[in-house]
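*Asks:* The primary structure of each chain is shown beneath.
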Amino acid sequence: MLKFPKFAAVAALAFAALASPSLADGDVGAGEKVFKKCAACHAVGDGAKHKVGPELNDVFGRTAGSVDDYKYSKPMMAAGEGGLVWDDTTLTEYLANPKAMVKGTKMAFAGLKKDDEIANVLAYLKSFSESEAASAPAAAETAEAAPVETAEASPAAEAEPVEAMAVETSKGAFGLGRVAMADEIAAWDIDIRPDGTGLPEGKGTVAEGEPLFADNCAVCHGDFGEGAGRWPVLAGGQDTLLKDRPVKTIGSYWPYLSTVFDYVRRAMPFGDARSLSDDDVYALTAYLLYLNDIVDDEDFELSNENFASIRLPNEDNFIPDDRLNEPHYAKGLEPCMTDCKPGPVEITARAQIIDVTPEGEGDENTGGGID
Amino acid sequence: MVDKTDPQATKRAASRRDFLKAGLLGGAAVAASAGVARAAGEPLITEIQDWNRYLGEGVDVAPYGKPSEFEANVVRRNVPWLTSDPVSSINFTPLHELEGIITPNGLCFERHHGGTAVINPADHRLMINGLVDTPLVFTMEDLKRFPRENRVYFLECAANGGMEWRGSQLNGCQFTHGMIHCVVYTGVPLRYLLEEAGVKTNGKWLLAEGADAAAMTRSIPIEKALDDCLVAFKMNGEALRAEQGYPLRLCVPGWEGNMWVKWLRRLEIGDEPWAQREETSKYTDLLADGKARRHTFVMDVKSVITSPSPQAPVTHGKGPLVISGLAWSGSGTIKRVDVTIDGGRSWQPARIDGPSLPKALHRFYLDINWDGSEMLLQSRAIDDQGLVQPTKNELRAARGENSIYHNNGIQTWHVNTDGVVENVEVS
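Going down the list, the sequences are from chains B and P.
Sequential numbering from 1 applies to the first sequence in the working numbering.
Sequential numbering from 1001 applies to the second sequence in the working numbering.
Bear in mind the hints are in silico, worked out from the structure with no lab data behind them.
Careful, some of the hints might be misleading.
[Said to hold, decoys possible] Only pairs whose alpha carbons sit at most 16 Å apart, straight line, appear in this in silico EDC-like list of lysine to aspartate or glutamate: (1) K114(B) - D272(B); (2) K1282(P) - E315(B); (3) K36(B) - D1371(P); (4) K1291(P) - D244(B); (5) K1291(P) - E315(B).
[Said to hold, decoys possible] The calculated label-pair distances, taken between Cβ atoms and stated as ranges, are: (6) E1069(P) - N317(B): 25 to 31 Å; (7) L1055(P) - E346(B): 58 to 64 Å; (8) D239(B) - Y1064(P): 54 to 60 Å; (9) D297(B) - Q1385(P): 50 to 56 Å; (10) N1393(P) - A182(B): 53 to 59 Å; (11) A1397(P) - T197(B): 36 to 42 Å.
[Claimed, not checked] With the C-beta cut set under 7 Å, the calculated list includes, among others, these residues of chain P facing chain B: (12) F1138; (13) R1145; (14) S1168; (15) L1170; (16) W1274; (17) K1291; (18) R1294; (19) L1387; (20) V1388; (21) A1398; (22) N1423.
For every residue, glycine included, the Cβ atom is placed at its ideal position computed from N, Cα and C.
Given the sequences, and given the hints that come with them, work out the whole structure.
*Replies:* Below, the structure is given as C-alpha cells:
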C-alpha cells in the first residue's frame, strides 16, 4: 500500500511522456498493432485492395475522397473538393473523431482515444506513403527508443494492482489462484440469458437506434440489415427456412432476443468491440427488432424491464440432438461388405463442373458457405 | 469403366502373395524403362552433386527450424469466397500431404471470429465465477502449478464438409475435410480448477469465454466439464500457437471445435445454458422440416482417404499403390475402417496403423496393386460404440441439405486411368 503513490507517480510520468509526443515520434511497430483496429476495413501494402474503406497506400498527400475506384460518401468527396488533403495534422484530427471532422463520413469508427495511438498509426501509414518515404528513417530511429519507455511503465502497472489489493488466496485443495474481486467479475461477466438474467439497467428506442445503426453498423450490415456484400444479413428471410438457400436472421431464425443484446455488446461493431454504451445496445436491439418486423412502432422502447417479455418467432423450432435416432445409426447394423450395390456405380455429381476450388487470386463463388 | 472392376479380382489383387509378386514385376518394369532412357547410369548417382561437396548451413542459421524449401506447397489454404473477411474466416489443414496422426503446429487449420488475439502470458488471467463457493482468478503461473496431463485429441470444426451438403463442390480433401487437426495437448484437467473454486450443487452448465475481439462463448454441460476437458497451454510439446489460443485454450475432447474456446479467460458456472450466438444463430443444424437441432456437441464417426485425392493424384502409374487415410470419432476409438475401390459394391477392411487413442485421429492404409483402370475410392469408419459412418445420401434423406454442420458422409474420389483424382458423388 505504501508503495502505491510512488508507483502511480512513475506510471503517470511515463504516461505523460507518451501522451504528448511530437508527431514525428510515432513508432512504426506500435503503429502496426494499432492498425489492427483499422484492418477490418482498410488494407495497406503490396496489392492492397479496397475493403469496406479505401486502401491506404500513399494516403499522405492524398486529397480526401479522391481514390478513383472507391465509392466514398458525398461528405468525404465534398471535403476533398473543399481542399482537405491528408497530412499529419488533418489525419490526427480525423482519426481522433472521424464524424466530428467530416460530418456524415461513412467511416463507422469511433476514433482513436489516445494521442500516442494516433502518432503510431500515422508513422505506420507513413511507411506506406511514397511522398513521406524520406522521413521514414527518422520514425524508425525513434521506434527504438519507444519500447524502453513502455518497458519502464509496464512493471509499475503490473506490480501496482497486486500490491494495492488485499489479496485473498484460494481456499481450495491446491491453494492456487486468488479470490476474484467484485469489480473484476462485473467487468468480464456480461453474458445474458434468455430469461434476462444478466441484463444491465438501461433503455433505448427504435428511433434512437436508427442513427446509431447507420453510423456504426450499416457499412457492413446494410441500412436495413440486408448485408453489404458478403457481410452478415441481420434482417428478413422470414419463410425461407424450408427453401434451398435459407436466410437465417434474427427475425427468421434466432430463438432468443437475449442473444442479440449479448452478442452486439460483446463483439460489435466488428473491430471496435465494447465501444457501445448499454443504452446504445438497447436502442440498437430495439432497432433490429424493428428491421425484423417484430415491433412496428418507432417509439417502442426496449429496457431491462420489458426485455424478457419479447419473444422471437422461431423460438419453438429448436429441438434437442436426436441424431442417434436416424435410421443409419440404428443399433447393431452390420455394414455390407460384398455385392452391396446391384449394378454398376454411376457418378452423379462432380466437383470439377462447379469448379470453385481456389487456385489463385480473385476466386468468386455464390454457393455454399460455412457460416 | 468402373463397373468392370470385379470385386473378386480386387480381393485377389490385395492378397499379400499377389501383391508381392506384382510388386516385383512392377519394380522390374520401372528399372527397365529407366534403363532404356539412358545408356549410362543416372547422373544423380554417377556425378558428384553440390550438396555432396559443399558445406551446408551451420547450426546458428535457423534457431527455430522450418520445413525443407521443397515442401513450400504444404501450407494451410483458405477459400476467399466463403466469408466476408479473412479476420473472421477459416483456413484448412493440408491433409493430403500429411501422414501419421499428429498435425504439425504450423499446419493446424485456423478458425477465429475476430482475428488472432496477441496476448502476453504475463497479462493473461483466467477467472472462474458464477455458482461456485469462491470465485477465483488464476495467472498462467498459477495454472502451471496444478498437476498436468498429456492427451492426444482431434479438433474438428462442426462445419467441416459444410460446403458439400448440396453435392461435391471443392476439389481436394484439404478443402472438403481440412477443418481438423490432431495434436498432443499438455494442460490441467478442468476438473481440478473447478474443484478449486468449488462448484455449487445447482451448477449444471459451464460458460467458457475467450479474450479475443469476438469474446467467443459457448455453454458446456457440467458433466463434460468434469469428465475429460483440459485447460491446455502446450501443443505438440511447445507453447500453443497464437492462432490456436496462446497462451491458454480449452479442450473439449470429441466435441465441436467451436467449443474449444481459445485465449480462454473465463469459466462461469450456471444452472442453465446461455444461448449465446454460437449456439443459436450458428452451430445449430437446420433440418428439412424447418426444425433445428441444438446442442449437437459430439463430432460424428468419420473418415476420408487423404491420398490419393484431388491434390494428391497417382503419378506413378499402375502397380503398388498406398491408399492412406484418416478416421475419427467423437465417441471414442475407431474399431474398423473399410475401403472400396469400386464405389461401394465391395469393401475390404483397411489396416489401422499407429496408436488407436479415443477421440484422436486414426491412420489407416490399404496397400493395393492398381491395375490402371478407373477407381471410385471410398472409406467407411466404424467406432467402438458400433456407429457406422453413413453415406451422404443417407444424411440428406434424414436431414435435407441445409444443416451446414455435422456432415460426416462417406467421401468418394474418382481416380481416372491417368491417376487424376476428382471429388464426385455416386449412385
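*Asks:* Give a verdict on every hint.
*Replies:* Quick rundown of the hints versus the structure:
For the hint linking K114(B) to D272(B), the alpha-carbon distance of about 14 Å falls within 16 Å, and the restraint holds. The hinted pair formed by K1282(P) and E315(B) meets the criterion: a straight-line CA distance of about 14 Å does not exceed 16 Å. With a C-alpha separation of about 55 Å, the suggested pair K36(B) and D1371(P) falls outside the 16 Å cut-off, and the hint is violated. Restraint check for K1291(P) and D244(B): satisfied, since their Cα atoms lie roughly 15 Å apart, inside the 16 Å limit.
Annotation: proposed proximity of K1291(P) to E315(B) holds, straight-line Cα distance about 10 Å (limit 16 Å). For E1069(P) paired with N317(B), a C-beta distance near 54 Å fails the hint of 25 to 31 Å. Taking the beta carbon of each, L1055(P) and E346(B) are about 59 Å apart, inside 58 to 64 Å as hinted. One distance hint, 54 to 60 Å for the beta-carbon pair D239(B) and Y1064(P), holds here, with the actual separation near 55 Å.
Look at D297(B) against Q1385(P): about 54 Å separates their beta carbons, and that is inside 50 to 56 Å. Look at N1393(P) against A182(B): about 56 Å separates their beta carbons, and that is inside 53 to 59 Å. A beta carbon spacing of about 40 Å between A1397(P) and T197(B) agrees with the range 36 to 42 Å that was offered as a hint. The beta carbon of F1138(P) is positioned within 7 Å of a beta carbon in chain B (closest approach about 4 Å), and the interface hint is therefore held.
Given the 7 Å rule on beta carbons, the hint for R1145(P) holds: about 5 Å separates it from the nearest Cβ of chain B. Here the hint on S1168(P) is kept, as its CB sits about 4 Å from the closest CB of chain B, short of 7 Å. For L1170(P), the interface hint holds, the least distance from its beta-carbon to any beta-carbon of chain B being 5 Å, beneath 7 Å. Because the beta carbon of W1274(P) sits about 5 Å from the nearest beta carbon in chain B, less than 7 Å, this interface hint is met.
For the restraint placing K1291(P) at the interface with chain B, the shortest Cβ-Cβ distance is roughly 5 Å, inside the 7 Å limit, so the hint holds. Annotation: R1294(P) was flagged as interfacial toward chain B, and the flag holds, the nearest CB pair being 5 Å apart, inside 7 Å. At about 6 Å, the closest approach between the beta carbon of L1387(P) and any beta carbon in chain B falls short of 7 Å, and the interface hint on this residue holds. Taking 7 Å as the C-beta contact cut-off toward chain B, the hint placing V1388(P) at the interface holds, the least distance being around 5 Å.
Residue-level restraint check for A1398(P) holds (minimum Cβ-Cβ distance to chain B is 4 Å; threshold 7 Å). Satisfaction of the interface hint for N1423(P) is found here, the shortest Cβ-Cβ separation to chain B being roughly 4 Å, below the 7 Å cut-off.
In terms of the numbered hints stated before, the structure departs from hints 3 and 6, listed from lowest to highest.
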